[in-house]
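> Chain by chain, the residues:
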Amino acid sequence: MEDKNSFVRQVAEKKYEFGFTTDVQTEIIEKGLSEDVVRLISQKKDEPDWLLEFRLKAFRYWQTQEAPTWGHLKMPEIDYQDISYYADPTVKKNQDAPKEIDPELMKTFDKLGIPLEERMALSGMAVDAVMDSVSVKTTFTEKLQEKGIIFCSISEAVKNHPELVRQYLGTVVPYRDNYFAALNSAVFSDGSFVYIPKGVRCPMELSTYFRINARGTGQFERTLIVCDDDAYVSYLEGCTAPMRDENQLHAAIVEIVVMKNAEVKYSTVQNWYPGDSEGKGGVLNLVTKRGHLRGENSRLSWTQVETGSAITWKYPSCVLSGDGSQAEFYSVAVTNNFQQADTGTKMIHIGKNTKSTIISKGISAGKSQNSYRGLVRVAPTAENARNYSSCDSLLLGSSCGAHTFPYMDVQNESAIIEHEATTSKISEDQLFYCNQRGIDTEDAVGLIVNGYAKDVINKLPMEFAVEAQKLLGVSLEGSVG
Amino acid sequence: MLEIIDLHASINGKEILKGINLTVREGEVHALMGQNGAGKSTLSNVIVGHPSYEVTQGKILFNGKDLLELKPEDRAHEGIFLSFQQPVEIPGVSMVNFMRAALNAKRKYQGLEPLSAGDFLKLMREKRRIVELDNKLANRSVNEGFSGGEKKRNEIFQMAMLEPTLSILDETDSGLDVDALRIVAEGFNKLRTPQTSAIVITHYQRLLDYLKPDVVHVLLDGRIVKTAGPELAFEIEKRGFDWIKEEQ
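As they're listed, the protein sequences go chains A and B.
Per our numbering, the first sequence starts with residue 1, numbered consecutively.
Per our numbering, the second sequence starts with residue 1, numbered consecutively.
Looking at chain B on its own, in the form it has when it is part of the complex (with noise of 0.2 Å):
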C-alpha cells in the first residue's frame, strides 16, 4: 500500500530524513518509535504533502502511484489521513461546514454527487458516536475552544467521516487523560478494517497496548535503525532509547 524508498527532506535547507525505507501493507499497523527530533513529525508532514518540506531524495509510492505529485488535497482523497499533533483552530468555520466541503471534495474526486444535507447531518450522528463527541462540539468551530482531549477525539471523528485507507496518527496520545485515551484508542480500533493501515507516532506504550501494532519501527537522526515486533516497543519502554544509539 505505501513504499517509501530512500527518502531523503529537509527543512529550510536542513536535512532531516536521510534516507527512510518503509513499506507498510494493507491491514497493518506500524507504530514509529524515537526520541523528539528524530524526524518523525516531518516523515509523516512530508507523506501528506506539507508545502514546508522539501524533498531532496527517494521516492513514496501509494497504491502504486507516485505520491509526491500529487497536491496536499488529492493526497487525502486518495485516503491518507493525519491526525495532527497539534490542530488548528479555525475560527468562524462550522465542523458541519467544514467537514461538508471536505467530504464533497472528496467524492467530487471520485466522480460522486454532493451528500445531501439530510444524509450528511446523518453521517455525522452515527460518526459522532463512535468517539462520543459531544453534539456541541460538532456545531461548533473546528477545534474552537476545544480543550486538548476534545482536539483529538475531533481528528478521529474526522477520520470516520472520510475514512481513509491509511491513517497517521501524529502523538494523538500527547496530551489525552486514561479516559480519553481510550475513547480515542478504541474508536480507532472501531475503524479499523483488513483494508486499512496505520502508522503511529507515539512516545508511549499505553497507546499501543489498545493499538496492537504489527511492527514497531526505530527512528533516529532522519533513519530507522530498527525494526521488529511488538516486543520493540515494550523493550523501549523499560529502557529508554540509549541502549539502541549505542548499537549504531
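Here chain A stands alone, though its shape is the one from the complex (with noise of 0.2 Å):
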C-alpha cells in the first residue's frame, strides 16, 4: 500500500517538463478584439491591402458565427475580450537597432532542444520557431534558396512572395469554414511558409517550433505549404506551452497545397501544456488542418502524436482532387487526468482512383474522455474510391471515456470502403506480469502503450519517433498506480 502512495505521490510532483516561463521584453497590444485590433495586427505586420480585406471580411463573418458545440467536449466559456492577439517577444528597447534575437529566446528555444544555431544543427533540420505571434528565427533559408524553396515565416513571405501567398492563401481552409477557421484568417500573427518548385526533392525535413510564453496571449498561427508538380516534402511541427492556472487559446490553421505527382508528409508532436492534475488551465487547441490534393497521382500524409492540451478539437483532413491521389491519417492521440481530444479526419474523395488510409489509436486515462470523429466522403465523380479505417481506443483504469464516430457519406457505388474498430484495456495481469519479469508499471505501460501506438510512431521520421516515444510514457505517468 505504501508503495502505491509513494508512486502516486511521486507523479503529482512532476512537472510538466516544458513549463517554464521565458522573461523577456514582449509588446503585447491590449486585450479585445474588434475591427480595430484587427487592422493593427495588420499595420504592425505591415501588411498589403488585399491582405487587411481578408482579415476583416473574416473578422465581420466571425461576427456573424457562434462556436460550434458538436463535439463531445466540455467546452470552457471564451471571453475573447479578454484575450490579447499579438505578442511579440522580439521587441528590443533601442527601436533604431537591427531586430536581433534576445539571447533569452536562444535560451528558451534551447532548453526546448530546438537548434537555433544552424552550425549546431547536426539533425539537418530547417526550423522556423515561432513564440507568441512571432516567428523569431528561421534557420537554412539560404541553403535551401538554392534551390529553389522558400521556407520562411508567413510575414516575410507576404513582403517577399506576394503574389504566392495571395494565390493560395484561403484557397484550402476558406475564412467561412468554420468559427475557429474564421477567427484566425481575422487575427493570424504568424506562422510559416513553404513552397517547394517543381520536381525539387526538399533535401531536409522541414519543421516549425511553435511556443506560447506571454500571459493572456492566444496563439493564432497559420501554415501555408505549397508543393509543386513532382516535389516532395517531408515537414514537422512541435508545440510546447508553460504552465498557466487559466486556459490559454490556440486557434490555428493549416493549408497544405500538393500538385500532380507531389508528396507531402506532415508529422506532428503536440505537447501544449494539459492543464494540472485537477483539470485547472491548460491550452485550448482548436485547430482547422486540411490538405488539397489538387493535381494527379498527389499524395499527402498526416502523421499526428497529440499528448497535451486540455481540450484538442482537430481534424487534419484531405481533399482528393486529383485523379489516382493518395491520402493517409495516422494518429495516436493520449489524453490522461481531466484532457479532453474529440479528433480524427475527414477523407473526401472526388477524382477517380482515389485511396485514402486512416490509423487511428485513442489512448485514455484518468478521467479523460478521447474520441475519435472521422467522415469519408466518396463523390459521385470518384469512381473507385477505396478507404481502410481503422481506429482502436486504449483504456487505462474505468474512470476514462472512449468514444468512436466514424461517419460516412457514399455517392458512388463503385467505392470499397471498409471500417474497423477495437477497444481494449490495459489489464492489472499485463503489469503484474512485466512487475514480475522486473520491468516496473510505470515502464510496463511505457513498453504496452509504444506497442500499441507503433503503427502510427513508426511513420514519423527518426528523430520524432525518439522523442514520441518518449513523450507517450511521460503523458500517462500516474495513470495506473
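Heads up, some of the hints might be wrong.
[Stated by the list, open to error] Straight-line alpha carbon distances no greater than 30 Å define the calculated DSSO-like cross-link-like pairs of lysine-lysine that follow:
#  : chain 1 : residue 1 : chain 2 : residue 2
1  : B       : Lys226    : B       : Lys14
2  : A       : Lys355    : A       : Lys260
3  : A       : Lys454    : B       : Lys226
4  : B       : Lys226    : B       : Lys245
5  : A       : Lys352    : A       : Lys367
6  : B       : Lys190    : A       : Lys470
7  : A       : Lys74     : A       : Lys346
8  : A       : Lys425    : A       : Lys454
9  : A       : Lys425    : B       : Lys136
10 : B       : Lys65     : B       : Lys190
11 : A       : Lys425    : B       : Lys14
12 : A       : Lys425    : A       : Lys74
13 : B       : Lys245    : B       : Lys14
14 : A       : Lys425    : B       : Lys18
15 : A       : Lys159    : A       : Lys260
16 : A       : Lys159    : A       : Lys198
17 : A       : Lys352    : A       : Lys425
18 : B       : Lys71     : A       : Lys470
19 : A       : Lys346    : A       : Lys198
20 : A       : Lys454    : A       : Lys265
21 : A       : Lys265    : A       : Lys159
22 : A       : Lys260    : A       : Lys352
23 : B       : Lys18     : B       : Lys212
24 : A       : Lys31     : A       : Lys280
25 : A       : Lys143    : A       : Lys265
26 : A       : Lys470    : B       : Lys108
27 : B       : Lys14     : B       : Lys59
28 : B       : Lys122    : A       : Lys470
29 : A       : Lys367    : A       : Lys454
30 : B       : Lys108    : A       : Lys454
31 : B       : Lys71     : A       : Lys367
32 : B       : Lys65     : A       : Lys454
33 : A       : Lys57     : A       : Lys31
Simulated from the structure, these hints should not be mistaken for lab results.
Hey, can you piece these two chains together into the complex? The hints should help.
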C-alpha cells in the first residue's frame, strides 16, 4: 500500500517538463477584439491592402457566427475580449538597432532542444521558431534557396512573395469554413510558409516549433505549404507552452496544396500544456488543418501524436481531387487526468481511383475523454474510390472514456470502404506479468502503449519518433498505480 | 535461501493460506502438490508479490531479506521467477523489446550497464535453443497467438534469459503434450545449477519424473500437511489425496 502511495505522490509532484516561462520583454497589445484590433495587427505587420481586406472579411463573418458545440467536449466559456491577439517577444528597447534575437529567446529554444544555431543543427533539420505571435528565427533559409525552396515565416512571405501567398491563402481552408477558421483568418499572426518548386525534392526535414509564452495571449498561427508538380517535402511541427492556471487559446490553420505527382508528409508532435492534475489551466487547441490533393497522383500523409492540451479539437483532412491521389492519416491521441480530445480526419474523395487510409489510436487514462471523429465522403465523380479505416481505443483505468464517431457518405457505388474498430484495456494481469519480469509499472505502461501505437510512431521521421515514444510514457505517468 | 514462516494470506477478505512454513535451500527442488483450491497458486502469487493478495500474518525471507517489503519488480531483480500458469498476452509488445526491458531493468538494479543490442540478440539466440523456441515466436508479440505449449516454452525461455536463483513453476505441465513436456522439463534441467532452487506446483507425477524433486509437500486447506521424499508423489499418483485428508 505504501508503495502505491509513494508512486502516486511521486507522479503528482512530477512537473510538466516544458512548463517554464521566458522572461523577455514582450510587446503585447491590449486585450480585446474589434475591427480596430484587426487593423492594428495588419498595420504592425505592414501588410498590403488585400490581406487587410481578407482579415476584415473574415472578422465580419466571424461576428455573425457562433462557436460549434457538436464536439464531445465540455468547452469552457471563452471570453474573446479577454485575450490579447498580438504578442511580440522580439522587440528590443532600442527601436533603431537592427532586430536581433534576445539571448533569452535563444536560451528558451535551447532548453526545448530546438537548434536555432545552424552549426549546432547536426540533425540536418531546418527550423522556423515561432514564439507567441512572431517568428523568431528561421534556419537554413539560404541553403534551401539554392534549390528554389522558400521556407520562411508567413509574414516574410507576404512581404517577399506576395503573389504566391495571395494565390493560395484561404483556398484550402476558406475563412467561412468554421468559427475558429474565421477567427484565425481575422487575427492570424505568424506561422510558416513553404514553397517547393517543380521537381525539387526538399533535401532536409522542415520544421516549425511553436511556443506560447506570454500570459493572457492567444496564438493564432497560420501555415501554408505548397508543393508543386513532382516535388517532395517532409514537414514537422512541435508545440509546447508554459504552465498557466488559466486556459490559453490556440486556434491555428494549416493549409497544404499538393500538385501533380507531388508528395507531402506532415508530422505533428503536439505537447501543449495539458492543465494540472485537477484539470485547471491548459491550452485549448482548436485547429483546422486541411490538405488539397489537387494534382493527379499526388500524395499527402498526416501523422500526429497528440499528448498535450486541455482540449484538442482538430481533424487534419484531405480533399482528394486529383485522379489517383492518395491520402493517409495516422494518429495517436493520448488523454490523461481531465484532458479532452475530439480528433480525427475527413477524407473527401472527388477524383477517380483515389485512395485513403485512416489509422487512429486513442489512449485514455485518468478522468479524460477521448473521441475519434472521422468522415469518409465519396463524391459521385469518385469512381473506384477506396478507404480503409481502423480506429482503436486503449483504456487505462475505469474512469476515462473512449468514443468513436465514424461518418460515411458514399455517393458512388464503385467505392470500397472498410472500417474496423477495437477497444481494449491494459489489464492488471499484463502489468503484473511485466512487474514479475522486473519491469516497473511505469515502464510497463510505456512499453505496452508504445507497442500499441507503433504503427503510427513508425510513420514519424526518426528523431521525432524517439521523442514521441518518450512523450507517450511521460504523458501517462500516474495513470495507473 | 527461501524461508516462509507462519504465512497467512487472503484475497478479497477470504483467508486462503492459514500458516505456511516452508524452507527451501540452495540447489533444492521442492514439489508442491494438492487439490484445486488448496492454496498452491496463492502461495506462489504471494511469494512474487501479486497485489490482489494480502498477507495478514507471517514472514518470507529470501537470502535473509524481508521479501514482503519489496516491490514485485525488485523481488524479480533479487532472483525470483514465476512461470505463470496462464501467461498473459501483451499485444503490440515484441518479445525482443519485452525481454530487453526486463533484462536491462535487472542489470540496472545490479548496477550494470544495459546490454548492447548485439549482445542482447546473441543471448536471445543462445537461450532460445534451450527450449527449442522458434525464431518466429521470439519476434512476435508477447504470448500473442501462441499455443498453450508455446506459452509454457516461452516462460522457460524467459527464465533462461533472466537466470533466477529461485524459480516457481506453477502447473507448467498443464496443457502440454508428451513432447512439449519433455522439451520444457529438459530445458528447465539444463538451467539448474547447485546454486539454483525451484518450487514446482503440479498435479502429476510425469513432470516430476523429469525434475526429480528432493522434497514433496502436500498442501491442504492452506496448510502444508505432509512433507516427505519423492516417493510421496508416487503414492499420490496411485492413491489420490483422500488418504492424506483422512490422516488429519
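> Evaluate each hint against the coordinates.
Comparing the hints with the structure gives:
1. Restraint check for Lys226(B) and Lys14(B): satisfied, since their Cα atoms lie roughly 24 Å apart, inside the 30 Å limit.
2. Restraint check for Lys355(A) and Lys260(A): the C-alpha separation of about 15 Å stays at or below 30 Å, so the hint holds.
3. Among the hinted pairs, Lys454(A) with Lys226(B) is inconsistent with the structure: their alpha-carbon atoms are about 52 Å apart, more than 30 Å.
4. Distance restraint check for Lys226(B) and Lys245(B): the Cα-Cα separation of roughly 10 Å lies within the 30 Å cut-off, and the hinted pair is therefore satisfied.
5. Using a Cα cut-off of 30 Å, the hinted pair Lys352(A) and Lys367(A) is violated, with the two alpha carbons roughly 44 Å apart.
6. With a C-alpha separation of about 39 Å, the suggested pairing of Lys190(B) with Lys470(A) is violated against the 30 Å cut-off.
7. Note on Lys74(A) and Lys346(A): the hinted pairing holds, with a Cα-Cα distance of about 22 Å set against a maximum of 30 Å.
8. For the hint pairing Lys425(A) with Lys454(A), the CA-to-CA distance comes to about 17 Å; that is within 30 Å, so the pair holds.
9. Simply put, Lys425(A) and Lys136(B) have alpha-carbon atoms about 26 Å apart, close enough for the 30 Å limit, and the pair holds.
10. Distance check on the hinted pair: Lys65(B) and Lys190(B) sit about 28 Å apart at the alpha-carbon level, within 30 Å; holds.
11. The hinted pair formed by Lys425(A) and Lys14(B) meets the criterion: a straight-line CA distance of about 27 Å does not exceed 30 Å.
12. For a cut-off of 30 Å, the pair hint linking Lys425(A) to Lys74(A) stands: about 24 Å separates their Cα positions.
13. The hinted pair formed by Lys245(B) and Lys14(B) meets the criterion: a straight-line CA distance of about 22 Å does not exceed 30 Å.
14. With a C-alpha separation of about 34 Å, the suggested pair Lys425(A) and Lys18(B) falls outside the 30 Å cut-off, and the hint is violated.
15. Taking the CA atoms of Lys159(A) and Lys260(A), the gap is about 27 Å. The hint holds against a cut of 30 Å.
16. The hinted pair formed by Lys159(A) and Lys198(A) meets the criterion: a straight-line CA distance of about 22 Å does not exceed 30 Å.
17. Pair hint Lys352(A) plus Lys425(A) does not hold up; C-alpha atoms about 40 Å apart against a cutoff of 30 Å.
18. Taken as a hint, the Lys71(B) and Lys470(A) pair is honoured in the structure, with Cα atoms around 24 Å apart against an allowance of 30 Å.
19. Restraint check for Lys346(A) and Lys198(A): satisfied, since their Cα atoms lie roughly 28 Å apart, inside the 30 Å limit.
20. As the CA atoms of Lys454(A) and Lys265(A) are separated by approximately 18 Å, the hinted pair is consistent with the 30 Å bound.
21. This hinted pair checks out: Lys265(A) and Lys159(A) have alpha carbons roughly 27 Å apart, not beyond 30 Å.
22. Our distance criterion of 30 Å between C-alpha atoms is met by Lys260(A) and Lys352(A), whose separation comes to about 14 Å.
23. For the hint linking Lys18(B) to Lys212(B), the alpha-carbon distance of about 28 Å falls within 30 Å, and the restraint holds.
24. Distance restraint check for Lys31(A) and Lys280(A): the Cα-Cα separation of roughly 22 Å lies within the 30 Å cut-off, and the hinted pair is therefore satisfied.
25. With a C-alpha separation of about 21 Å, the suggested pair Lys143(A) and Lys265(A) falls inside the 30 Å cut-off, and the hint holds.
26. Using a Cα cut-off of 30 Å, the hinted pair Lys470(A) and Lys108(B) holds, with the two alpha carbons roughly 19 Å apart.
27. For the hint pairing Lys14(B) with Lys59(B), the CA-to-CA distance comes to about 19 Å; that is within 30 Å, so the pair holds.
28. About 27 Å separates the Cα atoms of Lys122(B) and Lys470(A), which keeps this hinted pair within 30 Å; it holds.
29. The straight-line distance between the Cα atoms of Lys367(A) and Lys454(A) is roughly 24 Å, inside the 30 Å bound, and the hint therefore holds.
30. Proximity of Lys108(B) to Lys454(A) is assessed by CA-CA distance (about 26 Å); at most 30 Å being required, the pair is judged to hold.
31. Under the criterion of a C-alpha separation no larger than 30 Å, the hint pairing Lys71(B) with Lys367(A) is consistent with the structure, at around 27 Å.
32. Restraint check for Lys65(B) and Lys454(A): the C-alpha separation of about 40 Å exceeds 30 Å, so the hint is violated.
33. Distance restraint check for Lys57(A) and Lys31(A): the Cα-Cα separation of roughly 21 Å lies within the 30 Å cut-off, and the hinted pair is therefore satisfied.
Checked against the numbered hints above, the structure breaks hints 3, 5, 6, 14, 17, 32 and satisfies the rest.
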